[in-house]
Each structure stands twice: as structure tokens, then as C-alpha cells.
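K.L.:
The lines below spell out each chain.
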Amino acid sequence: MRIQALSGDADFCKKLASSSFHGFVHSVFERTINLKCLDDNELYTIACNKLDNGPNTLVIDLPSLSGMEVAEGDPVYGKGDELIVGSGVFICMRQATKWEAHLPSYPCDIDVLRENVAFMKQYVDAKGKTGGMKMSSRPASLFERETSRMLNERAEALSIELAKGNSESASEQAVRLVGLGPGLTPSGDDFLVGLCIVYKMQNIPCCLSCRFFEKVVESSRELTNEISSITLKKAASGKVRESLVDLLRCLTQGSREELLPALEKVVGIGSSSGTDMALGLICGLERNLEAGGNVCLPKL
Amino acid sequence: MSTKVVIKQSTYFDSVSLMSLSTKANQIEGVEQAVIAMGTEMNKEVLKNVGLLTPELEAAKSSDLMIVVKAATEELAESAYVQIEELFTKKKGGSKGASEIKYPTIDSAAASIPEANLAIISVNGAFAAREARKALENDLHVMLFSDNVSIEDEIALKQYAHEKGLLMMGPDCGTAIINGVALCFGNAVRKGSIGIVGASGTGSQEVSVRIHDFGGGITQLIGTGGRDLSEQVGGIMMIDGIKALEADAATKVIVLISKPPAASVQEKVLAQVKNCTKPVVVYFIGGDEEAVVAAGGHFAKTTKEAALKAVVLAGANEDEINKRALNWPLIEEVRAKLAPEQKYVRGLFCGGTLCDEAMYLAMETFADVYSNIQKNPDYKLKNIHESKAHTYLDMGDDDFTNGKPHPMIDPSLRIARFLQEAKDPSVGVILMDFILGFGSHEDPVGVMLPAIVEAKAQAAKAGRHLEILGYVMGTDLDTPNFDEQVKKLMDAGVTIASSSTNAGLLAREFVVKGA
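Chains A and B are the protein sequences, given in the same order.
By UniProt numbering, the letter at position 208 of the first sequence is numbered 208, and the numbering carries on one by one without gaps.
By UniProt numbering, the letter at position 33 of the second sequence is numbered 33, and the numbering carries on one by one without gaps.
Heads up, some of the hints might be wrong.
[Said to hold, decoys possible] Simulated crosslink set (EDC-like; lysine to aspartate or glutamate; CA at most 20 angstroms straight-line):
1. B/Lys-8 with A/Glu-153
2. A/Lys-79 with B/Asp-153
3. B/Lys-8 with B/Asp-64
4. B/Lys-48 with B/Asp-64
5. B/Lys-61 with A/Glu-226
6. A/Lys-200 with A/Asp-81
7. B/Lys-134 with A/Glu-146
8. B/Lys-61 with A/Glu-153
9. B/Lys-380 with B/Asp-398
10. A/Lys-98 with A/Glu-222
11. B/Lys-48 with A/Glu-153
12. B/Lys-24 with A/Glu-146
13. A/Lys-79 with B/Asp-378
14. A/Lys-134 with A/Glu-286
15. A/Lys-36 with B/Asp-107
16. B/Lys-274 with B/Asp-248
17. B/Lys-388 with B/Asp-378
18. B/Lys-164 with B/Asp-153
19. B/Lys-61 with A/Glu-218
20. B/Lys-61 with A/Glu-42
21. B/Lys-8 with A/Glu-222
22. B/Lys-134 with A/Asp-40
23. A/Lys-215 with B/Glu-41
24. A/Lys-14 with A/Asp-109
25. B/Lys-48 with A/Glu-146
26. A/Lys-36 with B/Asp-147
27. A/Lys-14 with A/Asp-39
The hints are simulated quantities; they were obtained by calculation from the structure and are not laboratory data.
A quick note: this is a predicted structure, and the numbers were derived from the prediction, not measured.
Using the sequences provided together with the hints, build the complete structure.
P.N.:
Take a look at the structure:
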């Protein structure tokens, strides 16, 4: 089976072009297949064409991956412009467009941002999915209710420390969110992904120390699963999926017309993942709006 | 109250599926609470807060999936769990290999199965040598099914295996029977006292099948890969194979099979035959009888002769063996049916050695024998899609299979070629092999039958007899059933040959009159 890759993370493409990729299939889902690379121990993703670009991700020209004869443990090899999965799947990279996550800078004019964040908050309140950070009025179980309660309590504690500008205590609170939530990417992790990229924007008023991000990444290795851990690791270096970058760009400089579809797309991710990420964005942006001005980096 | 706890190790479900499963699980009758969540520390904390944490759950890892069902009674909890499992099965939707243990690397497989001593490697050729080396480093014998491995890599791997006292079967090795287990392509044959070292897959299969038919049995069938007897590789594996079988107490007789080897390599192999303490039957297609006999070997001109000699050397009474002599009355009958212009044989083979053997037998009688695997460049087909005079095609050769499945797996290419040949009024006989056994098509005859019926009908309409000769390579122990496959062919008016050798001889003899 030969499949064309439509687009791919520039670093992933570069890795394939410059050296051989050697690994195995880590996990198989309907829309994604995760590959574990034995050279750098990282997870890489093959995504169907309904999904957006992302770090370590190749988007291929198939609407669903369920028909691919690929199973967990199958060997994966890559060289040059081809990635070979199992014994019969060949993914050709030759025509793949390279993609890279470029976060927008924190805007000089914060009025648009302030308005957009307020709009997003209303939208998530009204249309965000429950079961994670957003508590359902009728949770399916005691477990769900307790999870949402703990998520909110810990996110609030983190938010307070961020407002105080205390990186060290903020990181301690952030770690308490890692792995919290029943899903494949627990809600606490998703929230932190949204939060991290806010603090990775250039000219962000309230800087967080490198230690904050390091601590989140280090703790994620133990406290959450591998798939979520790599997402957090990438987010901690400012790399997230395309739809999240687009949303952040619309928030900082977009009109309401531009913001709405970007917001709908993110909130539509996963079960409650998109909502949880959006709430992380809101939290981070609100803390920075409260601080006001660009206090971290001198303007040129 | 009763709580049922199950931990599924390293199990991943996407969040949407997990949430949907969780919601449905909580709606099952009798369930007070159901939790399906990843086994992270934080989730265990939540479980503790809601009074569901057990010592078993405390041990769950963040990559594990925890399933907790709390119900009024043990029975209800158990029944709810069964329903949750059903939901999981539906979600997973029969993904392949669910019950298999899969190891991501040879190193991890070797570490997890310390008793394993052989690795079969079938990966893209560009990476096959690396995997084979890893297996050898882990003290595993190797059967390397992959092709497109460089000759340099093959030599290096075989030398390394030789130094370590391991078998390096392949690259491009498709047939082996080790300790009674057929690997990749092979037939179900009885155990016995004859060991085979073969550089040609279907040739080795054919000899093993004939040995079975003559009442003998196999100890081991060691494949070497098709290039082993080339000048560069120097027969490293065949020589090591002979030594291995010589050292094997159960093996009384050794059979060597190969397409024509390089002269210098034949010399080396025969030197090993000379030193061997066990009788060795040598079937090198088109081989030199004098050289074999001088080395103390037993020369065989055909696969059938190789099998017969081996069985007799192993102690069978030759007089009691049904040698399946050629049916001369049948030959006369077919000759009479063919018109004078029906002069040619067209052989369409799945098995390379079966093609080679039939072609060599034809070359004994005819000069104009063409093929895609002819050694003589004058008779090598320039255009493989058009036959000339007598044409024998190995349709499993790279010429035909590049980018397509082997005809033993996908017969569509051979069907099309068969219909093309059947229309040619100069064709008297079309010869085809049907290979049964492990790895082969589940019904090789069945897929060909409609084309056979069509071709026969068209020939009859054109007022000519088309002789279709079939050889079913298999044993009474094989799947699909040998007798049923033969019957299907006979019912369709196909003449059956009892061996690869007889198939070659019959095809040749059928057209002798008109040649």
C-alpha cells in the first residue's frame, strides 16, 4: 500500500531526510498512528487527512487509517523520502509540504486580544465540552465530578501563583495537574498545553522561568502516558498543533469572524481536549492581560 | 457492594472512545459507578477520593487502562464488566494481531524469549541486513525472506554467521523446514531421515514433496537463498548446511538442490561432498554428472530422480516404490489430437525451479526454447510479454513481480497470460504448476478454473484441441486438499502430471510429433 504524505512537521521531514528512522508502531487509532523512534525515544505521528499538522506529525492522504494493515509492534523504517510501516505500508514524503509551528508574538495593542479572550471565554462557557476542566451539570459518575472538581481547584491554584509571578510555586501547582483526567490526553495535560504556549509567545509580559517548563516536562514522564507526555514536551518548547497556533494568532490579532472558526476547530478536538486547551489559553492570557504591558523584553 | 477491577497494560484508546465507553458503562443496569481511565497517579488520587482505590489499582502505571466497576453484587459487577468488554471489542473492531505478542525489536524479542534460536526476517530489503545482523548478534539462526539485499551485505552476514556457527538462510530465502515446521513457503511432509540443502525454493519444495510421495521423510530443509552458489558468495551457506546435516544424527542422506552454480563454487561444494561421511545426492539443474560422481556424490538429472535416489539411499526398497512412470498411451493420444501447426509448449510457472526443470527437459529435444530465465542470451526473451516458439515463463521472477505480488499469492497476471497463450493457434500445450502448502494461495486451482473453461471452449469453437497440462505440487497432508485440487482440474479437462519432472517430460513429448 503506497500513500502520499500531504504535509509534515519540518523537523520530522528533516530527520527522515538526514538520517534513517528506525522504530516501531506504538499505538493505532482510527485517525492517527503513533510511532516510537528508537534513535531518540520520541513518539511521532501519522495522521489522516482530516487532522491538522502538528509537531512530529505527518499528515497522509487517507481520510481514515482504520483500513491500514498496521498493528502495534510493527517495525517502522524511514529513509530519504519514504517511511515504511510494517511490511506493506509505504508513505512517500516526496511531495509533502513542510510545516512548522510559529507562535505569534504577544501584541503591542492588547485591546483586540482582551476582546477576543472575553469572547472565547463566553464561547467556551456556552459551547465547551464537559467532562474535563468544564464541569458537567450532570456528571456521569462520582469519578467525573471529583475529577472536574480537582482540575478546577488545581488550575485555580496554578492561576493564583502565576498571577503572583511565582514560577517555582506555579510549577509545583502545574505538576499537580499532570495526568489528571481519564482520557488519553488527560484534561490537566491539555490545560497545561494551552497555558504553556501562551508563555512561549515572544514579548509575553509575564515570563516564566525555564525551570517551570522543565519541571512540567520532567514530571510528565512519570505522571502521564507517553502520548500525552510528548505533547506536553513539545508545547513546553512552543510547538503545538496547527489549529492551536491558528487560534492563538486569531486571538492576538484576528477579527471575530476569523476567531470563531478557529475556536470551533479547537473546541472540536477530542472529547474535552479542545475545551481544556482553550481554558489553558484563557488562563494564561488573562494572567498576562492583568499584568499589562510588555514588561519582560525591551521593545526595539 | 462489590467492585470489579481490571487493569489493561499499555492500552490506549482515544479520548472520545474512552468517554463514550465510560458514559455507556455507567448506564449499564446495576452499575453504581464505572470508571475507565488511564492509570496515572492523579487519577488514582481521584479514585481514592471517591473510595474506589484498591491495592491492585495502586499498582497501575500511567500507560495502563484502569477499569473499575462497582455494583450491588459480585454477579452484577461481573456481568457489567462483560458488557464493558464487549463495548471495547466493538471499539477495537478486530484490529489485527490483538492476541499476538509483538516485540518491537529483535533485541527485545530475544530477551523476552530466551529459548528462541531462529529469527525469520521479512522487512524491506534496505533494512533487512541490519535486522539480520542483530539476530545473529543475539545468537539466532536467521531465515531472511527479504530480497533486494546487496551482495556485499549477504557475504558479510554469511561470513559472520559462519564464524558464529549459525545458519544464515537467505536473503531471498522462501522455503525451509526446520524441526518439522515449514517456514514461509513449504509443504506438509512426514519426518524422516533425509536432509535437504536448497538454493532454490520451489525446487526444494518439489524434492521434499516427491520424497514424501515415495514414502520417505525429511529431517531438515535448509534454504540458502538463490545467490549462495554465485561466484561472489561462494556457497558459504550450502557448505555450512552440508556440515550441519552431517552433524545431525537423524539425517542419513543429504540432498543438494540448486540452479546451475558458478564453476568455482561447484568445485568447492563438491569438495565438501567428497569429505562428507553421509551419502549426498546432487541435483544442480543442467549439472555435470562426471564431476558429481568423481566427488563421490550421487548425481540426479531431475527433481524426481533426486528424491528417488535419496529415498533408496535412506533404505527404501526401490522395487516397492511407485515411480510414476510416464503414460505413453496418453502421450500418443494427445499427439493425435494436436493439429500439425500446434507445435509449441507454453509453460506458465509460479515456481522458478519447476520452470527451470521443464525448460531444461525441453531443451534436450528442441533448440528454440525461450524464457525470461534462459541462461543463453540468444534465447532470453527480449519482450517478456510476448512468447516465441517454446516459451517457459517463471512468473515469480522479478521481471513479473516487481511491484506486484508473487503469482503464488495473486494469480491475476498468470490468468491474463494464460488466456493470451490459449488464443495462439501455434500452441499445442499450456503447462502450469499449482503450488499447495504453507504460504500459498488458499485455492490455486479454483482461481484458474474459469479461465481454463473459457480457453477450452474458445479452442473448441476454433476447431482445435488445446492440451492443458497441470501439475499440483503438494502432499496428502497439505492444505488445501491435494485430491480435491486435482479433481477440479481433471473435471475441467486438464491433464495431470504426477511430478515436476513428469510435467516437463509430458509437455515436451506431447508436441514432438508436430515439432
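K.L.:
Does each hint hold? Answer for all of them.
P.N.:
Here is how each hint holds up against the structure:
no.: 1; hint: B/Lys-8 with A/Glu-153; verdict: violated, 30 angstroms
no.: 2; hint: A/Lys-79 with B/Asp-153; verdict: holds, 18 angstroms
no.: 3; hint: B/Lys-8 with B/Asp-64; verdict: holds, 6 angstroms
no.: 4; hint: B/Lys-48 with B/Asp-64; verdict: holds, 17 angstroms
no.: 5; hint: B/Lys-61 with A/Glu-226; verdict: holds, 11 angstroms
no.: 6; hint: A/Lys-200 with A/Asp-81; verdict: violated, 32 angstroms
no.: 7; hint: B/Lys-134 with A/Glu-146; verdict: violated, 50 angstroms
no.: 8; hint: B/Lys-61 with A/Glu-153; verdict: violated, 24 angstroms
no.: 9; hint: B/Lys-380 with B/Asp-398; verdict: holds, 14 angstroms
no.: 10; hint: A/Lys-98 with A/Glu-222; verdict: violated, 32 angstroms
no.: 11; hint: B/Lys-48 with A/Glu-153; verdict: holds, 17 angstroms
no.: 12; hint: B/Lys-24 with A/Glu-146; verdict: holds, 19 angstroms
no.: 13; hint: A/Lys-79 with B/Asp-378; verdict: violated, 40 angstroms
no.: 14; hint: A/Lys-134 with A/Glu-286; verdict: holds, 17 angstroms
no.: 15; hint: A/Lys-36 with B/Asp-107; verdict: holds, 15 angstroms
no.: 16; hint: B/Lys-274 with B/Asp-248; verdict: holds, 18 angstroms
no.: 17; hint: B/Lys-388 with B/Asp-378; verdict: holds, 12 angstroms
no.: 18; hint: B/Lys-164 with B/Asp-153; verdict: holds, 16 angstroms
no.: 19; hint: B/Lys-61 with A/Glu-218; verdict: holds, 16 angstroms
no.: 20; hint: B/Lys-61 with A/Glu-42; verdict: holds, 19 angstroms
no.: 21; hint: B/Lys-8 with A/Glu-222; verdict: holds, 18 angstroms
no.: 22; hint: B/Lys-134 with A/Asp-40; verdict: holds, 19 angstroms
no.: 23; hint: A/Lys-215 with B/Glu-41; verdict: holds, 16 angstroms
no.: 24; hint: A/Lys-14 with A/Asp-109; verdict: violated, 36 angstroms
no.: 25; hint: B/Lys-48 with A/Glu-146; verdict: holds, 10 angstroms
no.: 26; hint: A/Lys-36 with B/Asp-147; verdict: violated, 26 angstroms
no.: 27; hint: A/Lys-14 with A/Asp-39; verdict: holds, 14 angstroms
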